[in-house]
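Asker: One-letter residues, chain by chain:
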Amino acid sequence: MRIGIDVGGTNTDAVLMDGHSVLGSVKTPTTANVTDGITDALGTLLQDSKLAIGSIDGVMIGTTHFTNAVVERRHLTRTACIRLGLPATACLPPMVDWPEDLSEAVGGLVFMAHGGHEFDGREISPFDASEIRDIAAQIRDEGIDVVAISSVFSPVNSRFEEDTAAIVREVIPEATITLSSSIGRIGLLERENAAIMNGCLRQLAHQTINGFRSALQDMKITAPFYISQNDGTLMVADFAAAYPVLTFASGPTNSMRGAAFLSGLRDAIVVDVGGTTTDIGVLRHGFPRVAALAVEIGGVRTNFRMPDTISIGLGGGSLVQRQPLQVGPRSVGYELTSRARVFGGDELTATDVVVAAGHEDIGDASRVSTLDSGFVSRVEERIEDMVNVAVDRMKTSAAEVPVIVVGGGSILVRRKIVGASELVRPNHFPVANAIGAAIAQVGGECDQIFSLAEMTRDQALEKARAEATSRATAAGADPASVEIVEVEEVPLAYLPGNATRIMVKAVGDLQEAE
Amino acid sequence: MRIIDEAALEDIALGAAVLGTGGGGDPYIGKVMARESIRRYGPVELYTLDEMDDEDLIVPTAMMGAPTVMVEKMPNGDDIVNAFLSVGKYIGKPVRATMSIEAGGLNSVVPVYAAARLRLPMVDCDGMGRAFPELQMVTHTIHGISATPIAMSDERGNTVIMETINNQWTETFARSVTVDMGAMAMIALYAATVAELKEAAVPGTMSQAQRIGETIRRARLEEQDPVRTVRESVNGFTIFRGKISDVQRRTEAGFAKGDAFMSGIADYVGRELQLSFQNEHLAARIDGEVCVTVPDLIAVLDIETGEPITTEGLRYGFRVEVIAFPCTPRWRSEAGLNLVGPRVFGYDVDYVPVEDRYGQ
Numbered sequence: 003m004r005i006g007i008d009v010g011g012t013n014t015d016a017v018l019m020d021g022h023s024v025l026g027s028v029k030t031p032t033t034a035n036v037t038d039g040i041t042d043a044l045g046t047l048l049q050d051s052k053l054a055i056g057s058i059d060g061v062m063i064g065t066t067h068f069t070n071a072v073v074e075r076r077h078l079t080r081t082a083c084i085r086l087g088l089p090a091t092a093c094l095p096p097m098v099d100w101p102e103d104l105s106e107a108v109g110g111l112v113f114m115a116h117g118g119h120e121f122d123g124r125e126i127s128p129f130d131a132s133e134i135r136d137i138a139a140q141i142r143d144e145g146i147d148v149v150a151i152s153s154v155f156s157p158v159n160s161r162f163e164e165d166t167a168a169i170v171r172e173v174i175p176e177a178t179i180t181l182s183s184s185i186g187r188i189g190l191l192e193r194e195n196a197a198i199m200n201g202c203l204r205q206l207a208h209q210t211i212n213g214f215r216s217a218l219q220d221m222k223i224t225a226p227f228y229i230s231q232n233d234g235t236l237m238v239a240d241f242a243a244a245y246p247v248l249t250f251a252s253g254p255t256n257s258m259r260g261a262a263f264l265s266g267l268r269d270a271i272v273v274d275v276g277g278t279t280t281d282i283g284v285l286r287h288g289f290p291r292v293a294a295l296a297v298e299i300g301g302v303r304t305n306f307r308m309p310d311t312i313s314i315g316l317g318g319g320s321l322v323q324r325q326p327l328q329v330g331p332r333s334v335g336y337e338l339t340s341r342a343r344v345f346g347g348d349e350l351t352a353t354d355v356v357v358a359a360g361h362e363d364i365g366d367a368s369r370v371s372t373l374d375s376g377f378v379s380r381v382e383e384r385i386e387d388m389v390n391v392a393v394d395r396m397k398t399s400a401a402e403v404p405v406i407v408v409g410g411g412s413i414l415v416r417r418k419i420v421g422a423s424e425l426v427r428p429n430h431f432p433v434a435n436a437i438g439a440a441i442a443q444v445g446g447e448c449d450q451i452f453s454l455a456e457m458t459r460d461q462a463l464e465k466a467r468a469e470a471t472s473r474a475t476a477a478g479a480d481p482a483s484v485e486i487v488e489v490e491e492v493p494l495a496y497l498p499g500n501a502t503r504i505m506v507k508a509v510g511d512l513q514e515a516e
Numbered sequence: 012m013r014i015i016d017e018a019a020l021e022d023i024a025l026g027a028a029v030l031g032t033g034g035g036g037d038p039y040i041g042k043v044m045a046r047e048s049i050r051r052y053g054p055v056e057l058y059t060l061d062e063m064d065d066e067d068l069i070v071p072t073a074m075m076g077a078p079t080v081m082v083e084k085m086p087n088g089d090d091i092v093n094a095f096l097s098v099g100k101y102i103g104k105p106v107r108a109t110m111s112i113e114a115g116g117l118n119s120v121v122p123v124y125a126a127a128r129l130r131l132p133m134v135d136c137d138g139m140g141r142a143f144p145e146l147q148m149v150t151h152t153i154h155g156i157s158a159t160p161i162a163m164s165d166e167r168g169n170t171v172i173m174e175t176i177n178n179q180w181t182e183t184f185a186r187s188v189t190v191d192m193g194a195m196a197m198i199a200l201y202a203a204t205v206a207e208l209k210e211a212a213v214p215g216t217m218s219q220a221q222r223i224g225e226t227i228r229r230a231r232l233e234e235q236d237p238v239r240t241v242r243e244s245v246n247g248f249t250i251f252r253g254k255i256s257d258v259q260r261r262t263e264a265g266f267a268k269g270d271a272f273m274s275g276i277a278d279y280v281g282r283e284l285q286l287s288f289q290n291e292h293l294a295a296r297i298d299g300e301v302c303v304t305v306p307d308l309i310a311v312l313d314i315e316t317g318e319p320i321t322t323e324g325l326r327y328g329f330r331v332e333v334i335a336f337p338c339t340p341r342w343r344s345e346a347g348l349n350l351v352g353p354r355v356f357g358y359d360v361d362y363v364p365v366e367d368r369y370g371q
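Note that the protein sequences, when read in sequence, are chains B and Y.
Note that our numbering has the first sequence beginning at 3, numbered continuously upward.
Note that our numbering has the second sequence beginning at 12, numbered continuously upward.
Misleading hints may appear alongside valid ones.
Claimed, not checked - Now the in silico label distances, taken between C-beta atoms and shown as ranges:
no.	chain 1	residue 1	chain 2	residue 2	range
1	Y	Arg-239	B	Gly-21	19 to 25 Å
2	B	Ala-455	Y	Lys-104	53 to 59 Å
3	B	Glu-102	Y	Arg-231	21 to 27 Å
4	B	Asn-390	Y	Asp-191	53 to 59 Å
5	Y	Gly-155	B	Val-420	57 to 63 Å
6	Y	Arg-222	B	Arg-324	39 to 45 Å
As the list claims (entries may be wrong) - Over 12 Å on every C-beta distance to chain B, these chain Y residues come out as not near it, computed from the model:
no.	residue
7	Arg-13
8	Glu-166
9	Val-190
10	Arg-229
11	Lys-254
12	Arg-343
I should point out that these hints are in silico values taken from the structure, not numbers from a laboratory.
Everything numeric in this text was worked out from a predicted model, so none of it was measured.
Beta carbons are placed, not taken as given, at the ideal position from N, Cα and C, and that holds for glycine.
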């Protein structure tokens with residue numbers, strides 16, 4: 003049996019799953035220290051289900067905690083960055099394009115040193131150990147012990163990053179080190195940005211993951227626990243503590259994966275309606291379609307694979323305005339249960355309108371019985387329009403596709419959407435996010451430039467597939483279940499020898515504990 | 012005279028991506044480089060050709076190589092200054108200003124970096140009015156201006172200076188040197204006087220890029236239809252609206268070649284567009300019939316944001332509008348078409364100006 007938990011900004015949801023069936027679910031408010039919220043949610047869940055603790059095989063947690071820390075510039079640790087690549091790259095030092103407030107919060111201590119590689123594996127300049135030792139001493143003297151290390155073309159050869167880490171560790175034995183090659187793809191600034199953000203979140207990650215761990219211990223749960231990452235796969239907790247940056251987009255990913263699971267559909271559009279916003283994304287082969295353009299987190303450019311979603315200001319708490327008729331983007335948010343009319347408040351929300359229309363029996367329906375029925379249907383049409391337009395924007399072909407509606411606010415979407423073959427609101431739709439966490443798989447990626455002068459394209463693809471597969475297995479996937487879910491090839495312009503960049507992703511089911 | 016400050020730079024980079032016609036490299040790195048040098052050394056003056064003296068010597072600066080390498084191994088900064096100064100030293104005459112040789116893509120903004128550092132002005136013109144994959148494909152070639160002496164510099168401090176018998180040979184040798192330098196070199200070439208440029212260059216292209224960028228930015232702020240505003244800002248025509256249904260890529264002779272296929276939406280339902288590219292977009296066919304070719308410009312715009320999509324970014328499922336717009340008249344001469352017309356890229360069709368097909 004598995005427990006899935008989603009620690010969101012407003013709510014902490016938990017679900018209990020046995021294989022493919024959902025045995026129980028609970029929604030509780032998120033608490034300032036996150037641990038209490040999890041303890042509450044777990045306590046209720048276990049009490050309701052009367053489950054023996056020993057039968058839990060794993061706990062999967064999805065959280066937006068680290069994304070929020072960067073966006074809000076809170077709980078960040080001072081981090082130094084060492085880049086190897088001189089004399090190349092000197093005109094654009096690390097953190098060059100960061101918002102000033104974030105750069106200040108992180109400390110902005112950056113160094114450039116010799117080293118780095120060319121696209122074909124030659125060294126740009128020799129590695130200089132004494133130069134690195136000097137830099138490490140300066141970092142130590144500044145009282146900083148979190149270090150991010152980047153090197154030009156380290157996705158092709160990461161040796162210089164590793165050598166640098168070894169020297170930093172000699173000088174600062176307690177150092178917490180992040181290598182850019184272990185996080186990102188080709189694109190030095192973006193990969194380096196990710197490494198620095200990862201560094202400044204490490205301490206928070208350590209505390210938070212320990213908080214999760216102690217919440218589980220308090221409940222006497224000894225099963226291993228995992229954290230879900232951007233692409234809908236899982237990391238073991240210790241790995242997540244080392245790579246918090248990999249959780250940045252896990253929220254939308256989990257709700258889309260949960261929707262796929264609950265509906266049994268692998269290709270569909272997912273509409274996740276919350277209290278304030280609605281996120282719309284596309285499922286392809288059971289996974290979220292990934293955005294093509296660079297994604298900014300807290301104003302910093304990254305090259306993570308993030309789900310391609312759009313967000314509109316429509317949710318269960320959206321305020322309804324009469325003249326001119328408007329729904330959202332202002333919302334009562336988490337105060338829905340005190341400020342909406344059906345809950346005794348004064349605000350007219352989208353939820354009130356759904357109750358007035360007689361579709362749902364929530365709160366006190368008599369408090370909205372005086373609403374004019376013509377007005378109610380105009381508001382309903384308006385909501386329908388908003389969803390129709392947003393879904394159409396995300397559609398990939400003229401063919402009709404199924405639309406899955408999930409999230410606490412999904413009672414708003416009632417009628418068939420234009421261009422949708424069917425509208426599916428699966429069981430357990432309010433906790434799709436936590437379910438997405440519970441059913442997550444583990445994955446591995448390979449992203450490398452190959453010279454097709456030295457091998458055939460098939461050999462290169464085979465090599466990339468094998469590398470991705472072995473990384474998935476190393477991350478805990480059951481080798482028998484690993485499959486390749488994504489292959490992408492970008493021939494490199496202007497380069498002879500048919501240089502081509504190949505990106506492969508493999509995923510598999512989590513290896514069950516013996 | 013105009014001033015290129017940080018705000019103008021943003022607009023130029025955005026507009027240059029439209030003129031990049033799918034290629035020319037992502038201007039992002041070039042833009043951040045130029046922005047940092049403007050912050051440090053001050054804004055750059057941009058003069059029209061008419062504001063300069065006829066005998067002033069101008070040396071363009073650019074980056075040559077793989078845009079995919081530039082996002083990883085960024086330049087040192089001194090390299091481009093070395094290339095520029097080496098050409099001046101070789102010729103033995105003072106150089107009055109620099110300019111862009113390719114207004115599409117990242118080479119629109121690379122000279123802004125050099126100009127700020129060198130405290131020299133830029134001239135408002137270029138050699139393409141767009142982006143092209145090879146070094147000899149500039150209007151200078153039509154007018155007999157030699158690409159050489161060319162200086163190519165790497166980040167280590169090496170500079171290679173070459174003299175060649177024609178611009179095609181410059182391309183051949185420079186390509187080899189670029190690979191040895193790590194698939195990226197900073198170059199200075201096509202030295203010419205203002206009098207020569209008045210004949211040979213495409214005038215006003217930097218300010219054109221700026222205008223396009225400004226239009227997109229304003230349309231976003233005012234929530235107008237950004238695709239329409241881009242189209243209007245380049246006097247362009249909608250040739251298709253569709254969803255990308257397939258992208259086939261291959262590498263041939265060191266170029267990223269391929270075809271994107273789109274199925275029509277809205278007014279174009281039931282029709283199919285095939286867009287062929289070699290780094291840049293070369294030709295579009297609708298239902299098998301050629302409708303636009305080089306040297307006219309073809310841009311693929313995201314239907315929601317108006318953002319131009321590069322050939323590397325073309326992906327299954329994108330909803331796009333394909334627009335086409337006229338190239339500079341300089342490309343429409345016989346000599347121009349012999350250098351960059353459809354047959355040069357292997358399409359056995361006659362060039363028909365885009366406005367002749369769509370301009371009713």
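Asker: For each hint, tell me whether it holds in the structure or not.
Answerer: Tested hints:
For the pair Y:Arg-239 and B:Gly-21, the supplied restraint of 19 to 25 Å is violated, since their beta-carbon distance comes to about 53 Å. At roughly 43 Å, the beta-carbon separation of B:Ala-455 and Y:Lys-104 lies outside the given 53 to 59 Å, and the hint is violated. A C-beta distance of roughly 24 Å is found between B:Glu-102 and Y:Arg-231, which places it inside the suggested range of 21 to 27 Å. At about 56 Å, the beta-carbon gap between B:Asn-390 and Y:Asp-191 stays in the expected band of 53 to 59 Å.
At about 60 Å, the CB distance of Y:Gly-155 to B:Val-420 agrees with the hint of 57 to 63 Å. Taking the beta carbon of each, Y:Arg-222 and B:Arg-324 are about 43 Å apart, inside 39 to 45 Å as hinted. Here Y:Arg-13 stays apart from chain B, with its beta-carbon at least about 24 Å from theirs, past the 12 Å limit. A beta-carbon of chain B is positioned within 12 Å of the beta-carbon of Y:Glu-166; the least distance is around 4 Å.
At roughly 6 Å, the least C-beta separation between Y:Val-190 and chain B is not larger than 12 Å, which violates its mark as non-interface. Separation of Y:Arg-229 from chain B is adequate, the least Cβ-Cβ distance of about 21 Å exceeding the 12 Å criterion. At roughly 6 Å from the closest C-beta of chain B, the C-beta of Y:Lys-254 falls inside 12 Å, breaking its exclusion from the interface. The beta carbon of Y:Arg-343 is kept farther than 12 Å from every beta carbon of chain B, the shortest such distance being approximately 27 Å.
Hints 1, 2, 8, 9, 11 from the earlier list are contradicted by this structure; the remaining hints agree with it.
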